[in-house]
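Those sequence lines, one after another, are chains A and B.
For the first sequence, this note's numbering assigns the number 1 to the initial residue and increments by one for each residue that follows.
For the second sequence, this note's numbering assigns the number 249 to the initial residue and increments by one for each residue that follows.
Do not take every clue at face value.
[As the list claims (entries may be wrong)] DEER-style ranges, computed between Cβ atoms:
| id | chain 1 | residue 1 | chain 2 | residue 2 | range |
| --- | --- | --- | --- | --- | --- |
| 1 | A | Val239 | B | Gln465 | 42 to 48 Å |
| 2 | B | Pro329 | A | Glu5 | 37 to 43 Å |
| 3 | A | Tyr146 | B | Glu475 | 37 to 43 Å |
| 4 | A | Leu15 | B | Ala250 | 35 to 41 Å |
| 5 | A | Tyr155 | B | Pro329 | 29 to 35 Å |
| 6 | A | Asp167 | B | Gly362 | 18 to 24 Å |
Hints are computed from structural coordinates only; laboratory data are not their basis.
Each residue gets a CB set at the ideal place from its N, CA and C atoms; glycine is no exception.
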Amino acid sequence: MVVFEKTKGLTDNPLHYCPGCTHGIIHRLVAECLEELGVTGKTIGVASVGCSVFSYNYFNCDMIQAAHGRAPAVATGAKRANPDNVVFTYQGDGDLAAIGTAETVHSAARNENITIIFVNNAIYGMTGGQMAPTTLPNQVTQTSPYGRDVTVVGYPVKVCEMLSQIDGASYVERVAVNNVKNIRLAKKAIKHAFENQIAGKGFSLIEVLSTCPTNWGLSPEKAIKWLDENMEKYYPLGVYKDKYKEEK
Amino acid sequence: MAEKVLMKGNEALAEAAIMAGCRYYFGYPITPQTEVAAYMAKRMPKIGGTFLQAESEIAAINMVIGVSSCGYRVMTSSSSPGISLKSEGISYLAGCELPALIVNVQRGGPGLGGIQPSQSDYFQATKGGGHGDYKLIVLAPASVQEMVSLTFKGFDLADKYRMQSMILADGTMGQMMEPVSLDLGEVKEYAKPWATTGTSKHEGRNIINSLSLSPAQLEQWNIDRYEKYKIVERDEVMFEEFMMEDAEICIVAFGIAARVSKNAIMTARAKGIKVGMIRPITLWPFPKDALNKAADKVKAFLSVELNMGQMIDDVKLAINCKKPVYLCNRTGGVIMTPDEILTSLEKIEKGEAKAW
């Protein structure tokens, strides 16, 4: 009896992510949700620029590789053209909260009927560990070598808090993948976001707190601990907005 | 004979796009092209199409990418500074080989420049604009009728070659009114098996992508694309010859500069100066052969442009510098008068002009 199988929502291509990176878990959660909802065959994914740039090799659906930060605009076009398809973006923190802030905010304001998976690991991974818009105060990165000095470079952007203030946004939740319980909750949130889209309820964004052992300079185990102790404090988990639920 | 209607250039262009089957328009207001957006805002909801005012030119061109990826005809329009913002997206369209129509109703630059007509985005349109090895099909209308016919043609060429067509108009073309026929014929449909429509609708996965970390593969992609460009250069050149049979001087001009030039040619001819014109309709592919052939007959070329001299480089390259090439230009939103062109012609005749 088969009790567990790899989701058909992922291809057989080997992931290129570093050991201990939680992108793999998040990929799997997204793919499992698509498969369980029976929509993989009508899904269009939009890959972004950063570590997850190659996600088009992994998600077992049609994919568009977008320019840095522009995934929500590309997804807007794809969804407007094919309203019956399921359209999602998969973006990191530099992509979504720095260069793509305008596209993020305005796709939420328009309540575009898309799902955004926002992976926040507080650092630029692909380029080798520079300060991200979500890098924590005093966090050391390649471009904040003495720690993020908020008096000089300002404060981290709290995406869920910001988007929850936008009337258009339907569902905004922050989750994490640092332990089994949280992974289960993350999957529930991601599934709810896709269900919202399928029901025509509009814009959903799931922020997933993620680790980057390589660029944090920590072992995978210590990286998980760092997420627990630092990121979760600055970025509290929870539902920031659920218009659909409020209406019920 | 088809019935003609009096229309403003920008609105006629928008209607032609709809007639070409375009049902998706994304734009952002900027003078002097805003009428295109306003017209689309009115028309699209009535015909089941999508009009969306984007938060920026950057977002608009990326929405174009999203729609084109799904296999539908789609367009955006802007004016010079907005086209600079779109250039990143245009480069991605080229890299992903996605068909699209981009309209530039040019105004003076650089920077915020002005809002009066200009042709100073010639380099941007024909030499790239965005990053990387790519070409756009660049169509230069010289009448409201051509705003219509070239828009229709632009969509066809974009689909045919999986390329991006740019209508390089100017503020005059966008703003002036002329009688036009909207009898444009049949829209040719092209199969798009590469479109992202969901794997349940086609074999395997369709991936729209311009990324390759393998230099050899990326080189091959570029080589393959340039093979396609060679076919476009062979088959799709368009130009108009005007009074070239006995011409000794050949004016080269496009768009509104060509309209003013025609006026100057008539006056010059009355004064005994044998002048004609080759008007490129496609700025890329550039009518190199036509110019080169003319170079064997005429004694000089006069490039008439609304910029500091941009197309003139292509004229010199086309004729291998066989004959002297002169420039008559105004820029910054100023349009030359026919008299200014006439003065240039007279100076060439008298041997007083300085070649470029």
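Could you say whether the range 35 to 41 Å given as a hint is met by the Cβ separation of leucine 15 (chain A) and alanine 250 (chain B)?
-> About 60 Å separates the Cβ atoms of leucine 15 (chain A) and alanine 250 (chain B), which means 35 to 41 Å is violated.
29 to 35 Å as the expected CB spacing between proline 329 (chain B) and tyrosine 155 (chain A), which holds or is violated = holds, 32 Å
Does the hinted range 18 to 24 Å hold for aspartate 167 (chain A) and glycine 362 (chain B) at CB?
-> violated, 38 Å
Status of the given 37 to 43 Å range, CB of glutamate 475 (chain B) versus CB of tyrosine 146 (chain A) | violated, 52 Å
How does the Cβ-Cβ distance of proline 329 (chain B) and glutamate 5 (chain A) compare with 37 to 43 Å: does it lie in that range?
-> At 54 Å between Cβs, range violated.
Determine whether the Cβ-Cβ distance between valine 239 (chain A) and glutamine 465 (chain B) falls within the hinted range of 42 to 48 Å.
-> holds, 44 Å
Hint compliance for this structure: hints 2, 3, 4, 6 are broken, all remaining hints hold.
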